[in-house]
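Colleague: Residue strings, one per chain:
Protein chains: 2
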Amino acid sequence: MKLTRNEQTDNIINALNKKDPEQFRDLFLKLHFYDQSQLLILMSTQQRSLLYQYLTPKELGDMFDELEVNEENGIDYLNEMPTRLAANVLSEMYTDNTVDMLSKASRDELSTYLNLMPISENHEIRQLLNYDDKTAGALMTTEYIAVNVGSTVGQTMQTIRQNAENAEIIYYVYVQDDAENLVGVVTLRDLLSNDKRAQVKEIMNSNVYRVFVDDDQEEVAQTVREYNFLAMPVVNRAGHLLGIITVDDIIDVIDEESVEDYSGLAGVNVDEPDDSPWVTALHRLPWLITLLILGMSTASLISHFEGLVSEASVLAVFISLITGTAGNAGTQSLAVAVRKLSVNNSREMGRLIRNEVVTGVLIGIVTAVVITVIVGLWKGNFVLGMVIGFSMVAAIIVANLAGSLIPILMDKIGVDPAVASGPFISTLSDLTSVMIYFTIARLFIVYLM
Amino acid sequence: MKLTRNEQTDNIINALNKKDPEQFRDLFLKLHFYDQSQLLILMSTQQRSLLYQYLTPKELGDMFDELEVNEENGIDYLNEMPTRLAANVLSEMYTDNTVDMLSKASRDELSTYLNLMPISENHEIRQLLNYDDKTAGALMTTEYIAVNVGSTVGQTMQTIRQNAENAEIIYYVYVQDDAENLVGVVTLRDLLSNDKRAQVKEIMNSNVYRVFVDDDQEEVAQTVREYNFLAMPVVNRAGHLLGIITVDDIIDVIDEESVEDYSGLAGVNVDEPDDSPWVTALHRLPWLITLLILGMSTASLISHFEGLVSEASVLAVFISLITGTAGNAGTQSLAVAVRKLSVNNSREMGRLIRNEVVTGVLIGIVTAVVITVIVGLWKGNFVLGMVIGFSMVAAIIVANLAGSLIPILMDKIGVDPAVASGPFISTLSDLTSVMIYFTIARLFIVYLM
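Chain order of the listed sequences is A and B.
Position one of the first sequence corresponds to residue 1 (UniProt numbering), numbered consecutively onward.
Position one of the second sequence corresponds to residue 1 (UniProt numbering), numbered consecutively onward.
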């Protein structure tokens, strides 16, 4: 629900225009942080420069934490501020958001900001920036609460109170031994249900689910989804706690991954920005031209068989029916295979291919019978009907095979199978369908002229 | 990460086989509830019947709370138990999960279980079962913590401690006035940062985001996603708090909606169960046959122009190139439109259609020029090249128009636009592409023979 202009937002903008900091602060700080960030985007540059003066770095940080970095070019807003203020705001933000924002900065901007931040934060952020995109390390934040395994419930509650302001989440407390290994987790719920003097090691869950810093974000999201966690600790290979990923970031990952899958199936980036049609066309053309070249090979294949068509022009009537139906079937197989790959992590894939091929046979046979009868009655020529029918079966089986095999092969060589787009599979199946169709037609050409 | 067999699970199964309740309980109860549920699914009927005897209703309830109702037919497992035990287990589960499970029960099973449950729960569940599927009411649970607006922080903490065992979430506490209207929310974080004697009404957030009980689940998910909430209160039109939806259920909704969109684009349910190919084929056939019939109208259209093809067989060469390229472009428009509809809630749709059409013009022109040159050089006939080129432009524009308009019209009449599948749009664009192609070809037929 994007923020829409209304009386409340109008009053806030008026206060800015009137250069009235007290009234502006009074109204603006009542808004939820997310709504503040959405209002920021709607403001003019002049209004924003006043806002930067009227709010404290912490208040700015709270708002910037909510800026969706991918959509709203947070770094551009940061660059509007005086540099020192921007560095302070970055310090006030949660580290995972700081890292996201700085990952979009130029090298110079990055150096400038980092050098103005406290040394420890400087190092921490540089480290986090080093992690590969789309891994646990790139998602995590460092504002978690951890206690030593020798602590009591009372001591832990004290730690929570002290960190309640700054930690990204206080409802899970991680337990470390003296060597900083992650040895347990205790929830605030557990702590409240126990006496102050109880030992944390008695009530903690020592079977802590964790992810490694280089784990793929899709796997992390899958684990959080299955176990309904509010946060997931991230460790290095030695078992030391490095950071946490909170469920709200997991939701963003799930959304990102599903948009990628959807885009892959359609052969277009469905979250393309709202640019002018010129830019949009420019983005879509490369792929469409590539498919066009692939389509030209189908055209030259038909050209190879052009003699057949001039002898029996009725053959042209059924080209798009066969290619279209096989393309639809192949797209179905592709979608099912990509889905099962993302959910099952590559087990039982041989069985999947087998199932898709057999499904293709069954679908093909039914479709072939239907089409043989329709064509036979329509054109009064059952040999023609059977040619179309046989071609249909074979084309569907090949399409299903390609649709299931190609994403699996891509997955095996390490490419995200969602990239095997629907248009690619259907264009490929056009080629195979045409090959099959005319080869069969040639055998029976005498009956078709 | 589905549970895999390993030494730990083998030991548990052995303890069951040896009919050793203490050892079984000792090992089994160490597992995370989710892992317990996954192990349950792997067991045989005999093993499960022992498990039902060895665990308390509460322990069974904790495990059943984690059963993914859609996938794992929880109701079947429930029906394996003695009826009274099953009713107790249902009582121990969180109400939203109880409702999900009972929504899959037969009428008789439902009556039987409800009549064995305490009257208040009976009524509560019946009420929740009445809400339409995919609304906030159908998702919510009633195990939340609420306090009166006159409470102190200390009193609230006491309430939390008392309910820590049973509430689905204790980290948000809802504040009601004497008339049970929802007037505020206070987080456990806020409570811990304040003195015991502070008044809740001083520290609560009175600007509580809420959803109505009949709100669509996709909108609820969008709000939770944007504001990063851990839970969302559900109210009726009078403002009374009825229940809450927790973030883990929102994640399931997001997943469900994205699988639906993906399935719609592909024209197949990608989460179809792992059935035999016979059943799979049976599920996919109706839609494929429907598309086949639509494809037959394209075939009869080409048949109408068969005379042209026999005069200039070269026309057959480019049928699949034009239909295929237009189909790919149309699928891209469709995917972008469906995505923008789900994100933007139907604003600026006129602009979207306009953009898609203009993008189609630009793409079409570039594609047409490329194809005119290729065909002209290849076949030594630039009139042919231009016929193909013009047809390409027009076919792409029409496909983009259909691909963006159809989901928007569907949304306006209240049908989920994700149902406008890719195969439908591309089959429809086959028809329009062929119409355009042969109409243009007829005008220039003398130059093509």
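Bear in mind the hints are in silico, worked out from the structure with no lab data behind them.
Bear in mind that the values here come from a model prediction, so they are computed numbers and not experimental data.
Any given hint could be a false lead.
If chains are identical, the list can't say which one is meant, so a pair holds when it fits in one copy or spans any two.
To be verified - Below, simulated SDA-like cross-link-like pairs (lysine to any residue); rule was C-alpha separation at most 25 Å, straight line:
no.: 1; residue 1: Lys134; residue 2: Asp214
no.: 2; residue 1: Lys30; residue 2: Arg107
no.: 3; residue 1: Lys201; residue 2: Pro286
no.: 4; residue 1: Lys58; residue 2: Leu27
no.: 5; residue 1: Lys30; residue 2: Arg189
no.: 6; residue 1: Lys201; residue 2: Val357
no.: 7; residue 1: Lys30; residue 2: Thr152
no.: 8; residue 1: Lys201; residue 2: Val259
no.: 9; residue 1: Lys379; residue 2: Tyr131
no.: 10; residue 1: Lys201; residue 2: Asp252
no.: 11; residue 1: Lys196; residue 2: Glu165
no.: 12; residue 1: Lys19; residue 2: Ile353
no.: 13; residue 1: Lys104; residue 2: Gln176
Colleague: If a hint holds in the structure, say so; if it does not, say that too.
Modeller: Results for each hint:
In this homomeric assembly, Lys134 and Asp214 come within 25 Å of each other (Cα to Cα) only inside a single copy, at 9 Å, whereas the closest approach across copies is 36 Å. With identical chains, the CA atoms of Lys30 and Arg107 are never at most 25 Å apart, being 36 Å at best within one copy and 49 Å at best between copies. For the identical chains of this complex, Lys201 and Pro286 are neighbours neither inside a copy (59 Å) nor across copies (59 Å), given an alpha-carbon limit of 25 Å. For the homomeric pair Lys58 and Leu27, the shortest alpha-carbon distance inside one copy (17 Å) is at most 25 Å, but the shortest distance between copies (48 Å) is not.
For the homomeric pair Lys30 and Arg189, the shortest alpha-carbon distance between copies (19 Å) is at most 25 Å, but the shortest distance inside one copy (30 Å) is not. Taking the shortest Cα distances, Lys201 and Val357 never come within 25 Å of each other, neither inside one copy (54 Å) nor across copies (64 Å). Taking identical chains as interchangeable, the C-alpha atoms of Lys30 and Thr152 lie at most 25 Å apart only when they sit on different chains, with a minimum of 22 Å there against 38 Å within one chain. In this assembly of identical chains, Lys201 and Val259 lie within 25 Å of each other by CA distance neither inside one copy nor across copies; the values are 42 Å within and 42 Å between.
Taking identical chains as interchangeable, the C-alpha atoms of Lys379 and Tyr131 are never at most 25 Å apart, the minima being 65 Å within one chain and 54 Å between chains. In this homomeric assembly, Lys201 and Asp252 never come within 25 Å of each other (Cα to Cα): the closest approach is 34 Å inside a single copy and 33 Å across copies. Taking identical chains as interchangeable, the C-alpha atoms of Lys196 and Glu165 lie at most 25 Å apart whether they share a chain (22 Å) or sit on different chains (17 Å). For the identical chains of this complex, Lys19 and Ile353 are neighbours neither inside a copy (67 Å) nor across copies (41 Å), given an alpha-carbon limit of 25 Å.
Taking CA atoms no more than 25 Å apart as the test, Lys104 paired with Gln176 passes in neither setting, with 34 Å inside one copy and 44 Å between copies.
When each numbered hint is compared with the structure, violations occur for hints 2, 3, 6, 8, 9, 10, 12, 13.
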